[in-house]
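A.B. asks: Given the coordinates of chain R, assemble chain G onto it according to the supplied hints.
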Amino acid sequence: MSENIFITEERIEGADDGPLAGTTVAVKDNISTEGVRTTCGSRMLEDYVPPYDATVVSRLKDAGATIVGKANMDEFGMGTTTETSYFGETDNPTAPGHVPGGSSGGSAAAVAAGEADLALGSDTGGSVRCPAAFCGVVGIKPTYGLVSRYGLVAYGNSLEQIGPFGETVEDAARLLDVIAGSDEHDATTRTEGDDSNYADAASGDVDGLQIGVPTELLEGADEGVVETFWDAMTDLEGRGAEYHEVSLPSVEHAVEAYYVIAMSEASSNLARFDGVRYGHASDASGNWNDTFARAREEGFGDEVKRRILLGTYALSAGYHDKYYKKAQDARAWVKQDFDQALSEADVLASPTMPVPPFELGESLDDPLQLYLADANTVPINLADLPAISVPAGETDGLPVGLQLVGPAFGEPLLIEAASALA
Amino acid sequence: MSDDAVNPEEVRHVAELARIDLDDDEVGRFTGQFADILEYFETLDEVPEVDRDADLANVMRPDEERPSLDSAEALRNAPETEDGYFKGPNVS
Numbered sequence: 001m002s003e004n005i006f007i008t009e010e011r012i013e014g015a016d017d018g019p020l021a022g023t024t025v026a027v028k029d030n031i032s033t034e035g036v037r038t039t040c041g042s043r044m045l046e047d048y049v050p051p052y053d054a055t056v057v058s059r060l061k062d063a064g065a066t067i068v069g070k071a072n073m074d075e076f077g078m079g080t081t082t083e084t085s086y087f088g089e090t091d092n093p094t095a096p097g098h099v100p101g102g103s104s105g106g107s108a109a110a111v112a113a114g115e116a117d118l119a120l121g122s123d124t125g126g127s128v129r130c131p132a133a134f135c136g137v138v139g140i141k142p143t144y145g146l147v148s149r150y151g152l153v154a155y156g157n158s159l160e161q162i163g164p165f166g167e168t169v170e171d172a173a174r175l176l177d178v179i180a181g182s183d184e185h186d187a188t189t190r191t192e193g194d195d196s197n198y199a200d201a202a203s204g205d206v207d208g209l210q211i212g213v214p215t216e217l218l219e220g221a222d223e224g225v226v227e228t229f230w231d232a233m234t235d236l237e238g239r240g241a242e243y244h245e246v247s248l249p250s251v252e253h254a255v256e257a258y259y260v261i262a263m264s265e266a267s268s269n270l271a272r273f274d275g276v277r278y279g280h281a282s283d284a285s286g287n288w289n290d291t292f293a294r295a296r297e298e299g300f301g302d303e304v305k306r307r308i309l310l311g312t313y314a315l316s317a318g319y320h321d322k323y324y325k326k327a328q329d330a331r332a333w334v335k336q337d338f339d340q341a342l343s344e345a346d347v348l349a350s351p352t353m354p355v356p357p358f359e360l361g362e363s364l365d366d367p368l369q370l371y372l373a374d375a376n377t378v379p380i381n382l383a384d385l386p387a388i389s390v391p392a393g394e395t396d397g398l399p400v401g402l403q404l405v406g407p408a409f410g411e412p413l414l415i416e417a418a419s420a421l422a
Numbered sequence: 001m002s003d004d005a006v007n008p009e010e011v012r013h014v015a016e017l018a019r020i021d022l023d024d025d026e027v028g029r030f031t032g033q034f035a036d037i038l039e040y041f042e043t044l045d046e047v048p049e050v051d052r053d054a055d056l057a058n059v060m061r062p063d064e065e066r067p068s069l070d071s072a073e074a075l076r077n078a079p080e081t082e083d084g085y086f087k088g089p090n091v092s
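So the protein sequences, as listed, match chains R and G.
According to full-length UniProt numbering, the residues represented by the first sequence are 1 to 422, in order.
According to full-length UniProt numbering, the residues represented by the second sequence are 1 to 92, in order.
Chain R extracted, bound-state conformation (with noise of 0.2 Å):
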């Protein structure tokens, strides 16, 4: 496969009846299949096979649905390209040449290019927003607790929750149907998605609906995303939406407080990784720490160390108030910000992601310009509310996506809303 969308490419069928029988399905490979190897795109799980599902990949086989493939990612779900796997780069099946946005483009990637009608990825800070986007597609981002993280490899785990894509708004939501709900083995889980029936809610009724386009995610995006968006937005305006401007002030500081909680919570969930239990072992010798830090600094890419040093950073002595402290004041204002506005608005709008997908290789160099590019997905995760990316068009040919924002556990609102785009 000319993309290199799969990491692993196996077929696990799974139950002979239900309401996915017939469909295929990608899962990111950070996401836990017993006996099948799940490698978070990293050298440091290579080799790594679980002896367990996760709860979603429980609820697919039983949904009936087969598992056609592990998709690619940046390693550990840090990036914005999926760039960072130690797999190698995707393509973007719908724009070659670039990037399928990160880090779960081989999810988006397998639902764009027809390799699975239906894809699982996880978002911890756009991660199934952006490449949904990128590639033209339907993504996801559930609430915070609407879907079990029980067999996701934890990376930020405060922010991060598993999503579906789909080609049509109807389609991801019959896969959040499947994986919605409450999971004994996930103590943040919450019981409003437990009989949930997203996909009816795909009417595309938009008539009388209140619609918020806060200023500041449309400050600074390319001129030729926010003309693609609001012809969009004029589309819905022809269907009976009204929208009105309103102000987030706070998003200003959303992309330093959440890579300073994610990197944090990074440097915490991936102390596991030590080529012992499991993991990526080193022929040093020594003692237990000389080989534990040589087997990470083998297995893990630039982009984790980075992370997982500048978390270690922000959390020593000295720097706890300074970064972590701060950056969960910026986390709280945030909340209430998000809590305003939808109180004046049913839902929120803006870009997906404020640039059309990078040409491969363009970005890697510089991270702090790549983590700007999460200007408007991050928010979100922040504010623990559910979002929707779903195409709005095209600029020079590249895919740009619509984001929408509900009120937390608002998805069925969001999927009328958002149907009526695609």
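Don't take each hint at face value.
[Said to hold, decoys possible] Pairwise CB distance ranges, derived in the manner of DEER restraints:
hint : chain 1 : residue 1 : chain 2 : residue 2 : range
1    : R       : Asn197    : G       : Pro62     : 46 to 56 Å
2    : G       : Ala57     : R       : Asp17     : 32 to 42 Å
3    : G       : Arg12     : R       : Gly22     : 47 to 57 Å
Worth flagging that the hints you see were computed from the coordinates, not collected in a lab.
Positions of the beta carbon are idealized from the N, C-alpha and C atoms, including for glycine.
C.D. replies: Leaving out everything else, chain G in the frame of chain R:
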């Protein structure tokens, strides 16, 4: 540039805390990048103090025995094992 500009010794120290060996090239590259990134993180100083929601509650399950992985499954991914245990290098 902040008062706490990152120097190579600091990067090496953090790498030691995080148990990641770095070669000299990596230390050089990360030193420059960390200076830029941490300077950017310092704009968090502009964030006002915010009242946080106080509705957090611990979620505890009953402390009861329940099935878990058997030891063969738990050891399956270990590079080295001995007598049903993980085998690692000496601690000191």
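A.B. asks: Determine for every hint whether it applies to the structure shown.
C.D. replies: Results of checking the hints against the structure:
1. Between Asn197(R) and Pro62(G) the C-beta distance comes to about 32 Å, which lies outside the given range of 46 to 56 Å.
2. In this structure, Ala57(G) and Asp17(R) meet the distance hint of 32 to 42 Å, their C-beta atoms being roughly 40 Å apart.
3. Against the hinted window of 47 to 57 Å, the Cβ-Cβ separation of Arg12(G) and Gly22(R) comes to about 56 Å, which satisfies the hint.
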